[in-house]
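Heads up: the protein sequence lines correspond to chains A and B, in order. Position 92, counted from 1, in the first sequence is what our numbering calls 92; the numbers after and before it change by one each time, with no gaps. All you need for our numbering is the position in the second sequence, starting with 1, plus 317.
The set of hints was computed from the structure by calculation and includes no laboratory data. Honestly, I wouldn't trust all of these hints.
What the hints assert, rightly or not - Partner residues are not named here, just some residues of chain A that face chain B (Cβ under 7 Å, in silico):
1. L96
2. A106
3. M110
Said to hold, decoys possible - Label-pair distances were calculated between CB atoms; the ranges are:
4. H183(A) - T557(B): 25 to 33 Å
5. K578(B) - G24(A): 54 to 62 Å
6. G335(B) - D77(A): 25 to 33 Å
7. P109(A) - P338(B): 33 to 41 Å
8. S229(A) - G335(B): 38 to 46 Å
9. R337(B) - P109(A): 36 to 44 Å
10. P506(B) - K41(A): 28 to 36 Å
11. R426(B) - P109(A): 18 to 26 Å
12. A661(B) - R44(A): 19 to 27 Å
13. G197(A) - G613(B): 24 to 32 Å
14. T434(B) - D77(A): 29 to 37 Å
15. T557(B) - K41(A): 17 to 25 Å
None of the values given here were measured: they were computed from a predicted structure. Where is the CB? At the ideal position from N, CA and C, for every residue including glycine.
Now for the letters of each chain:
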Amino acid sequence: MSVVISGVSVLIPGADGAKALAAGPEPGAGPVEPAALVGKKGLRYKDRATQLGYCLTSAALADAGLLGEDAMAVGGDIGVVVSSNYGNLDTVVRALDTLREGTVTATSPMDLPNASSNVIASSAAIRYGLRGPNLMVCNGATSGLDAVNWAVTMITAGRVDRVLVVGVEPDNDVVRRLLGGRHAVDGGAAVVLEDAGAARARGATVRAVLGRYVRTAGVGAVLERLAASGAPAPARWQLPDATPAGVGADLLPGVERAALPEHSGRGSGALGVLQCATAVGLFDEGGWGPVFAVCGTDEDDASAGLVLLAPPAPEAV
Amino acid sequence: MLSRSIIGMGAVASTGRGVRPLFDNLCRGRTGRAELRGFDRTRFRAQHAYEVDDRPAEGRDVPARATALLIDAIGQAAADAGLGEDLSGVPILIGTGLRELRSLELWWREGTDLDDTGLHFGTALRERFNADVTHTFSNACSASLYALALGSDLLAEEGDHAPGTVVVAGVDVLTESMYGLLERVHPAPPDRVRPFDRDRTGVLMGDGAAAVVLSRDAGGRRAHARLRSVAVNCDAFHVTAPSPEGIAKAMRTAYDMAGVKPKDIDLVMLHGTGTLLNDEAEATAMADALGDAANGPLMTAIKSMTGHTSGASGLMGLVMGVTSLNEGRVPPTVGLEQPVEEAAEFRFVTGDAASASMNVAQLNAFGFGGINAVAIVEAAP
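Put together the whole structure using the sequences plus the hints.
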């Protein structure tokens, strides 16, 4: 049984699709404007991460051929897994400031759902009618790849045939203070994962095939585990979020390395999904794999790695 | 048919530390309700919560209390299962509503230390247990049963990389923002948690953590119970209002996955938050899913004593429910006098703990955004 990617969306400053992301986001681009993408309706009272999540959800479902003319998902039992570490931090501190500077009656009841970190995942489900399992992953540096793997796990277990995976991080003052002045990517990516048989049955186009995932302490150990699992040698390596120490120069010698550029900011929980979208962008342009995606450096609690394979050549009719 | 052995358990809440002391206190009807311990009370209309009394000084809050409770519960469960102190390579799945957002609040307002590796629990679990396959899920109030579903899926995997043992945990402590916003939406400030009572005033938060060790086979150890199924879904209906249809669907799926009928259910550990919206919706769904068997199982809601332990609450219910199966005793729902109409025919345990011989328990947990999780456990043979 295998799991494939059948749809993708990307929204970060300077890249509005998988191919643009694979080519490298343009520096100096303006922020993503959710109202221009999905309309103003329903955006009020939603935090920026949730708004960005709406845009990514809509575009990925459309790309996978799963968005109906009524702008709702076709077939309701689609799961949702969202990865974000900074998603609702702005709501939490704003409500806290209001409380500390006044009393509880000064807070807005509209903030209640946004104070729960799963608001991005559940809001996307409500707006687009996604009734499958709904999961919010807030797992630090590896979160995006972990989210992809949990979607694969639920599909493999037979819980659901299709899962939308979103990785998104907003940028704001709280995030910048937490990151010691650096900014976050203020956008993200989404992929639609499907059981290969279910994708074939509806005639979906396979954009990438998912291979082995591992999570363990250290980038080197992740690469060793992937090699030991029988994964084919990579053609390209998507690197973790840059750190001063970087990753070891001795790792995977000769393999092309690629990373989210410094000007894009910290990918954090969005990074793993951005890496998957990059692989799809490469494969869409006729590039070949495998692509190794790795999140989390030796300074994080662990690293995760995922193998992405180019889709098989179409069978001769 | 799914069947996973539960070979280790741990728990800590305002009402006690350790599975057995906590269970005994709940059976005595002892609640952890007290005046707010860590917040400035003048900011709030509500004045009470169900907090673990572990702060170094009265009225002064400290960061990383959620992490400390989580480590306590996991340590208990790992010791109970004989896993030892080194959990490298063992998947640890944590369900939480609020992660370390209390540490974020203290960092923002009081300048305590935090960086972005301190919002999830992996960093601390690596330090304490050398754990490197850690996953923090922030799935509101159904988080720990969602984590249980994923843990059970992991054990179903095949191949050389498939784990034989998984730790599943849940944890939450009060955050000032959530405590405040929750009371903000109540017409009158909640005074105590009285699940399913007509005169209930709403929900109050509680601190707590629970953990279980799940294993593909018990390996010669006596299992506490067997996990038969965990169903998860999403109403896709409203961010704060639950849908009885979505909840009932999760219950029926859980029965189907477990291969049980409504009449087989002996005990239901209800979500029972005491909010104005949850209890009617849960009772309607429960009556729908059980059908003719609605007056069969004993039912109780331990949030009446632990408060709403948010993401921990589903697994807290499971650990207490498993202990009920093994002990033949069920803790009461304290403060429940006149059940709401939708729950009129249910066999609630009130007053004293009930004694009964039971084999199958149902555990409910529902969260903001309409995310539902329902588990079925069976007494070990």
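Hint check results:
Annotation: L96(A) was flagged as interfacial toward chain B, and the flag holds, the nearest CB pair being 5 Å apart, inside 7 Å. Of the supplied interface hints, the one on A106(A) is violated, with its beta-carbon coming no nearer than about 9 Å to a beta-carbon of chain B, more than 7 Å. This hint is violated: M110(A) has a C-beta 9 Å from the nearest C-beta of chain B, more than the 7 Å allowed. A C-beta distance of roughly 32 Å is found between H183(A) and T557(B), which places it inside the suggested range of 25 to 33 Å.
Under the hint 54 to 62 Å, the C-beta atoms of K578(B) and G24(A), about 58 Å apart, fit the expected range. Checking the proposed 25 to 33 Å range against G335(B) and D77(A) shows it is violated: the Cβ atoms sit about 41 Å from each other. Here the CB-CB span from P109(A) to P338(B) is close to 38 Å, well matched to the stated 33 to 41 Å. At about 40 Å, the CB distance of S229(A) to G335(B) agrees with the hint of 38 to 46 Å.
At roughly 41 Å, the beta carbons of R337(B) and P109(A) sit within the given window of 36 to 44 Å. Against the hinted window of 28 to 36 Å, the Cβ-Cβ separation of P506(B) and K41(A) comes to about 34 Å, which satisfies the hint. The hinted window of 18 to 26 Å between R426(B) and P109(A) holds, with their beta carbons roughly 22 Å apart. In this structure the supplied range 19 to 27 Å is violated for A661(B) paired with R44(A), their Cβ-Cβ distance being about 40 Å.
Against the hinted window of 24 to 32 Å, the Cβ-Cβ separation of G197(A) and G613(B) comes to about 40 Å, which falls outside the hint. T434(B) and D77(A) have their C-beta atoms about 36 Å apart, which keeps the hinted 29 to 37 Å range intact. At roughly 20 Å, the beta-carbon separation of T557(B) and K41(A) lies within the given 17 to 25 Å, and the hint holds.
In the structure shown, a violation is registered for the earlier hints numbered 2, 3, 6, 12, 13, in ascending order.
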